[in-house]
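Engineer: Let chain A serve as the given structure and place chain B on it in line with the hints.
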Amino acid sequence: MDRPSGTSYQRFPRVRIRELKDDYAKFELRDTDASMANALRRVMIAEVPTVAIDLVEIEVNSSVLNDEFIAHRLGLIPLTSAAAMQMRFSRDCDACDGDGSCEYCSVEFHLSVHATDSDQTLEVTSNDLRSMDPKVCPVDQARAYQHALGGTDPFGANASNENRGILIVKLRRGQELRLRAIARKGIGKDHAKWSPAATVTFMYEPDIRINEELMETLTVEERISLIESSPTKVFELDSANQVNLFSLVVVKNAEAYTYDDEVIKHAEAIGKPGLVEITAKEDSFVFTVETTGAITAYELIMNAITVLRQKLDAVRLQDDDGDLGELGAHLGGP
Amino acid sequence: MGKANKSPSPAVAKEGDYSALRELFRPHVESFDYFLDKGLDEMIESIRPMVIRDPNSSNTLKIILEKGHVLSPMRGARPGVLPIYPQECRQARISYHGEFKVEVCFQYNEGAQIRHTFNFGHLPIMLMSKLCHLRGADPHKLVFHGEEATEMGGYFICGGMERLVRILVLQKRNYPMGLVRNSFLKRGAGYTDKAVVIRCVQRDQSSVTIKLYYILNGSARLGFWLGGREFLLPVGIVLKALIDASDREIFTSLTCCYSDKHGRGKGVVSTQLIGERAQIVLDEVRNLSILTRTQCLVHIGQYFRSVMEGFENDDYITVAEAVLKDYIFVHLENNHDKFNLLIFMLQKLYALVDQTASPDNPDALQYQEALLPGHLFTVFLKDRLQEWLRKSKRLILEEAAKNKGFDLGNALEIRKFLTKYTTSVGRAVESMIKVGNVNSRSGLDLPQREGMTIHAERLNFHRYISHFRSVHRGSAFAKMRTTSVRKLLPESWGFLCPVHTPDGEPCGLLNHMTSTCRVSSFYNSEGVIKNFGEMKKLLSAELVRVGMNPVLPKIEQTGPPEVLHVHLDGCILGTIASAMIEKAVNYLRTLKLLAHSGIPEDLEVGYVPPSFNGAFPGLYLFTNPARFVRPVRNLFILSDGKQSIELIGPFEQAFMEIRCPDGGDGGRQEPFPATHEEIHPTAILSVVANLTPWSDHNQSPRNMYQCQMAKQTMGFCGQALKFRTDVKAFHLQTPQTPIVRTGTYTKYCMDEFPSGTNAIVAVLSYTGYDMEDAMILNKSAVERGMFRGHIYQTECIDLSTKSRDNVPETFAKSILTRDTSNVIDSDGLPRLGQAVHPNEQYYSVHNSLTNVIRPVKLKGTEPAFIDYVAVNGTGSKCGLQKANIRLRRVRNPIIGDKFSSRHGQKGVCSQLWPDIDMPFSANTGMRPDLIINPHAFPSRMTIAMLLESMAAKAGSLHGKFIDATPFANSLKKDKDSDKPNSIVDELGPMLASYGFNYHGNEVLYSGVFGTEMDCEIFIGPVYYQRLRHMVSDKFQVRTTGRIDQITRQPIGGRKHGGGIRFGEMERDALLAHGSSYLLHDRLHSCSDYHIADVCSFCGSLLTATMIKSDTQKKVKHEMLGLPTVRPAKNFACQACKTSKGMETVAMPYVFRYLAAELAAMNIKLELRLSNKSGLPLS
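The listed protein sequences correspond, in order, to chains A and B.
Here the first sequence stands for residues 1 to 334, where the numbers follow our numbering.
Here the second sequence stands for residues 10001 to 11178, where the numbers follow our numbering.
One thing to keep in mind: the hints can contain errors.
Stated by the list, open to error - Below, simulated DMTMM-like cross-link-like pairs (lysine to aspartate or glutamate); rule was C-alpha separation at most 25 Å, straight line:
(1) A/252 - B/11016
(2) B/10487 - B/10503
(3) B/10722 - A/59
(4) B/10859 - A/68
(5) B/10779 - A/290
(6) A/170 - A/59
The hints are simulated quantities; they were obtained by calculation from the structure and are not laboratory data.
Next up, chain A with everything else stripped away, as it sits in the complex (with noise of 0.2 Å):
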C-alpha cells in the first residue's frame, strides 16, 4: 500500500457496542488495522488484572483430594476483581513484605468445613470461602448477594436461583478441610487463573458480493444447493423479492461466514466462478467477548485498553528518556 509522502497516517478508530451484557459483549472496531486489534484481544485475555488465590495454606485436609489439587483448583475460581485495577502487585507493595496480609495487595480468605455426622457427602464449594474483604469474593457469592439484595440478576433471570457454587471437593463424614487461601493480583500471563477473559475473539467483518447476473443463470435448486453449500447460515432466499419468478439469493447474515471458502468452492463446481466474491474487509472487525465473571465484559474492555495506554504511555516515556533516540534516527532514514 503506497501512500503519497507526506499523508497522515492516523485514524481515529471507532467502536461500536452491539450487545453488551455482565459477562458478554460485541462490539465493533473500525478503522484500524489488525495489530490493533490483535492487541487489545492479546491484552484482554493476558494482562488486564484480576484477584485470584495465590496461596493457601491449608491447616487441615482429610478429604480425598491433596493439598496441591485443592490449591491449584481454590486458584482456579474466579473473584470479584472490579478492585483489581487499583490494587498493588504483591512483589511491587511496599506496605507489607510479600505475605499477603496488607490491604493494599492481598485478600484473605478462610474455608473451614467439617462434614460431620451426615449421611450423605458434602459438598464444598466456592461458597464456603469466607472472604475478609467484602469486594473480592467469588463471583457466585457476589451473584447470590446482588440478587438477595433483590436486584435483578445480571446473569439473566433464568439463572437458577439455587446457587450451588463451584464446588472444590467432596467429603465424606468426618472428613474435614480447613484452610487459610491469599488471594492477590495478578495478570493472565502469569497463570490462566487469574486470566478475566473466557473467550476473546474478533473476526474481520466480510464483504460479500453477489454477482446478481450470474445468479440469475441458476435454477431455484442450484440457489438452494449454494445456500446450503455453506456450513453457517449466510445466504438465504428472499421470497419477497423475486426477479423472473425466482427468489433472490440475498445475504442474510454476513458475520456467520467463517472464511471456509465452501460457497466460492460450490460456485466454481457448478461452473459459476465468480458467483460470490467475499473478501475481508482490512479494517473492521467484529469482537466477541466472554468472561469469567471476575469482572464485567465492560470492565475488561475498558481496562484493556487502559492496560494497552499504560504500555503505549511506556514505551513514550522510554522515547522522551532518548532510548530511542538511535531508533528514531534509523526510521526517519538516512
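Structural biologist: Here is chain B on its own, set in the frame of chain A:
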C-alpha cells in the same frame, strides 16, 4: 471417592458390570480354585507312600500322605484368631498366606495306622480364590477392606509384593505330535530327526513327555527322562511289556493300517514298508532273547531298579510295572490303552517318515495349551512334598545307621525327624511365587525354571490387565536365533491378539489372549467340578450310537482311510468309518450346545479329515483343562435360537469353516461352506488393542505401538490409591473419559481407570517448535490443570531387619535437634502434608546402643510431600520399628515430557506456549491445547486419529459419545443400503449441521499477528495420554562432581551425579568437524586433566618423587596456626637420582595409570620429551 457412602453410588448400582472384567481373570482364579477343591487331594493321593526299612532289623515303616488342608489367611501365629485381609498384607509387607496341613499316616510293620497332622508352613493364597476373604464380596465390602471396587484377584501377595503366575505355552497334552527336529539326531548313532512326541499329563497335572524316535533301521526307540537323563527303550520291549500280546498280534495291529488296495489315495497314511518295520521291531526283541511279557518286565526292571527311587529292594517285575505306571503314558491307567496308543504312535511315526503324514508344527497354537497358576502350584507342591519325604527318610536312615538302638516304631522319635523339614515346603512354595524360580531336581517337565511369576504392576489399568492376559512362549525361545517361533501363525486367530505384542526382544514370544479367549478349566459353566470319568463313559456311549466301533482287547483289522481312530484325551476309544465321521462330528457339536447333555460345552472336536499327505487323520476329542477356547456362533443349530454359541479350541479351529458376519468368502472360488460364524470381528483383538478407536483405519504397526504406549500411560492406577503401598505409582490429576471410544471401553468399565485427556489438537506447523514429533502445549491449558500428575512413592522402612550388629533401632525424635524445620514429628516420623526438600531430614532413627539419633535425609533432587505415614506392627516390645512413608511428587507437564494419542503418535512437549500466541478460531475463540505437526501423518498413515478428531468434535457438539468400534462395517450385511459407508460421510454432515466445516477444518488466525492463516487448519479434540517418561526422571547435567578413583575421569550414572559418556562416535564426529579445541576441552580439560612430572633423561613418568620440603618449617607453621604455605613442589627422578631433567607435561590421568599398569607387567613406557622446536630437551 465417596464409594463407601451409604447413598448408592453408580459403581454399586451396576455391580454386575464388573463380571466382564472378572471373566478376564478367570483362568487364574479358577485354576487355583481347582487346586484348593480337588488338585490338592488328588496330588497327595498320587504321592507314592514312602517305605523305610530299618537297616538294623527287618522292620519297616510306611509313611502315607493322606489329606491336605489349606486354611484361609489368618492374623498372627495362632490360627483361627482373626482373618487378615490382603490390604493389611500389602501394607505390612507380609504374605497373604494360609496354613497348610497334611494328615500323615504311619504304618509300622503292617500294624495299625497312626494318623498325625503335620503343619507344612504356609501356602500363598490367591486373591479372590475360594480361600480368600474377599471372595464374592460386593464393591462395598471391597472398598471397606481397602481394595478397588473392581478388584479381580488372580494374584498372590508375597512379602507385600503382588505376584502373578505367568501363563506359559506348553505342548498340548495327551496328543502325539509328529516332529522333525535336528536335535533328535544327537540321541545317538542311527537316530533320525523324526519322532512322535506326546506330553502325558496325569490327574494331578504332573506330566511326563514321551518321545518315540525313528531309528534308521526301521525300528523305533521310546525315550523319557528320569533322574536327569533320558532313557531309551526299544519299542518292541515296551509293547510286549504292556500286555501279553503275541508277536502275531503286534504285527497285525501295526500293519492293519496298510492295505494295498488304496495305493496312495486320499487319507492313506501307511506304505507297504510297515510290514518290514514291524518285523524289525519284533526281531529286535527276539534278538535280546526276550520272548514273553515277564521277560520284558524283568529286562526293564533290571535296567531301572538302580534309578527308580524307593524300589531298591523290590523285584524286577514290580520295578518294571512301576516304570510303566509312572513314566509310560501316565495319562492312561489301563495297559491296553497304553498299548493301543503306542501302536498308534508307531503308525504315525512311520507315516511321518514315509511322508504320508506331514509333521506337526510345535509353534502353532493348534498344538499348544496353557500352564495355569493352579496347575503349576499343584505340580510344584507335589515335588516339594516328595522332597520332604525323601529328606526325612534320609534323616531317619542316617539316625538309624548311627544309633543302633533306634526304633522305627517309636512314633514320637519319627515325628521329631519328620517335623524337621516341614516348614520348608511352605517356604519353598512362597519363594517360588516371590522369585519365580522353580527349584526342583527333575525340572517337573516344565519349559523353564526361572521367571515363572511376574510382578503385577499397577502402573495403569491397561498394564495391569495385560499382565493377566499375557501368554509367554518360554524364556528359552528368547535366546534363540531363529525367528520362526515369533511368527504370527494363522492358527492363533481369535485366541492370541495379532496386534498386542511388544516390539523388540520379546516380540512374538509374549502374546496376549484376545478379549474373548478363555481357558478351559475343571469347572463347568455352573461352577461344578467336571467328572472326567463320567464324561468319558458318556462320550463313548454317544460315539457308539453314531457308529463308532469301540476298541476291544482284540486286534483291529483296518486303519485309515477306511476307518479313523477316535481319541479322547489321548486314549483311543475306537474307530469310526470315514463315511460316518462327518455325521458323528455334527452330532457331537449338537450335544455340546445342549445344556444338560452331560457333554462339556468346551469339548474340542478335533476332526482331522483324510488328506493327501497332510496331518495324520483322526477324530481327536479333548475335554481336558488348560486349553484355549473361544466362543463362535454355530450356524447349524438354530432350533431354539439362543443356544448357538459354541466354544471352540485352536485344534479344531484349523479344520473348521468360520466366516465373518460380513459374508465375505475370503477369495474362494467355490461357495464358502461355513458352519460357524464369528460373533464380532473384534474378537481377534486383546482388551488393550480393542481400546484403540477405529484401529482398522490405522497402519498396523501403529496399533502395536499404541498397545505398548497404553501400558505406559500415567492415568488412574487405582481408586484405592490411599491404601496402596506401591513402590511407585503414577496418578493423573484430572483425567477425562474419551469422547470417541470403542465398545470395549464401556464393557470393561475403563471409566473407573481413565488414562488421558481430551485435548483440542490443531494439526499445523507453527513456530517450528513442533517439528520432528515435538508438540506444543498451551501454557494456559496446562495451568488450568491439563495433564497434571503426581508420582506416589512408598518407602517401607523396617528397622528390625536393617539394624546393624543386632542393635535395636527405633523411630524417635531428638530433643536436642537443631533442625528448625518441623518436618519430623515427635515420634520420629514425618508430619502429613509436609513438604520435604532434597537433603532435608524427614525421619529420624534412635540407636539404643549408642543413644544417638540419626536423622535420614531425602534423596534425589526433587521436593516431595508427605502423603501418608503408616506404622506397621505394634505388638513388638522394641517400639516403633516398621513404617511406610508415602511421598508425593508433583509432576506438572514441562518441556521434555512425553505424550501420545491413542494411535501410536507419541511426541515430546517442546514448549509451553503462551495462550495469546496460540492460533485462535474467529468463530469460537478457541485456542488449541496442543499443536502437532502435519508431518506426523503422511508416512504413518494413522487415519483413525484424524477420524477421532472429527468424531470427537461432532460428538462434543452433539453431546454424546461416539462409538469407534473397529470393523463395525463388516457386521453390516446389506452393503448397498442407503446408509453411508465411510465414517467421514457419517461425521461430515454432523459437523456441517453445527456450522463447522465438513472435513473438520477451521480457519484459524495467528495469535501473534491477528491475521488469517493461509490454510485451513484441521482441529478437533483427540484423546491424549501422558506417558510415564518424564524429563524430571531422566535429565542429566553435570559441571563438576565426583570422579572415578582410578582414572580420575567423571563417573557415569544419573543417580550419582555423573556425566553422559562422550564416546567414540561422538569423538569421531568432532574429529570429522576438525573442532580440535572442543575435542580437547571435552576429552581432556573437562575430564582427567593432569600435569605429570616426567624425567626427560629416562623418559619415565613414574619415577618422579617429591624432594621432601623442610618438615620443620611445616610443623612450626602448624604450631603457630599460620596458614601453611604450599612449598613449590620439587621433584627428582628416582631412577636418574637428579632433579635436573624434570619437566611437567599435561596429559590425561589415565595415561599415567596405563604407564603404571604396564610397569606392573614389566613393560616400561618411555616418553621422549621435546620442546616446540622439535629438538629434544637438554
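Engineer: Against this structure, judge whether each hint is valid.
Structural biologist: How the hints compare with the structure:
Restraint check: the Cα-Cα separation between residue 252 of chain A and residue 11016 of chain B comes to about 24 Å, which is no more than 25 Å; the hinted pair holds. Between residue 10487 of chain B and residue 10503 of chain B the CA atoms are separated by roughly 13 Å; this keeps the pair inside 25 Å, and the hint holds. Restraint check: the Cα-Cα separation between residue 10722 of chain B and residue 59 of chain A comes to about 20 Å, which is no more than 25 Å; the hinted pair holds. Of the supplied pair hints, the one linking residue 10859 of chain B and residue 68 of chain A holds, its CA atoms being roughly 21 Å apart against a limit of 25 Å.
Using a Cα cut-off of 25 Å, the hinted pair residue 10779 of chain B and residue 290 of chain A holds, with the two alpha carbons roughly 20 Å apart. For the proposed pair residue 170 of chain A and residue 59 of chain A, the alpha carbon gap of about 17 Å is at most 25 Å, so the pair holds.
Violated hints: none; the structure is consistent with every hint.
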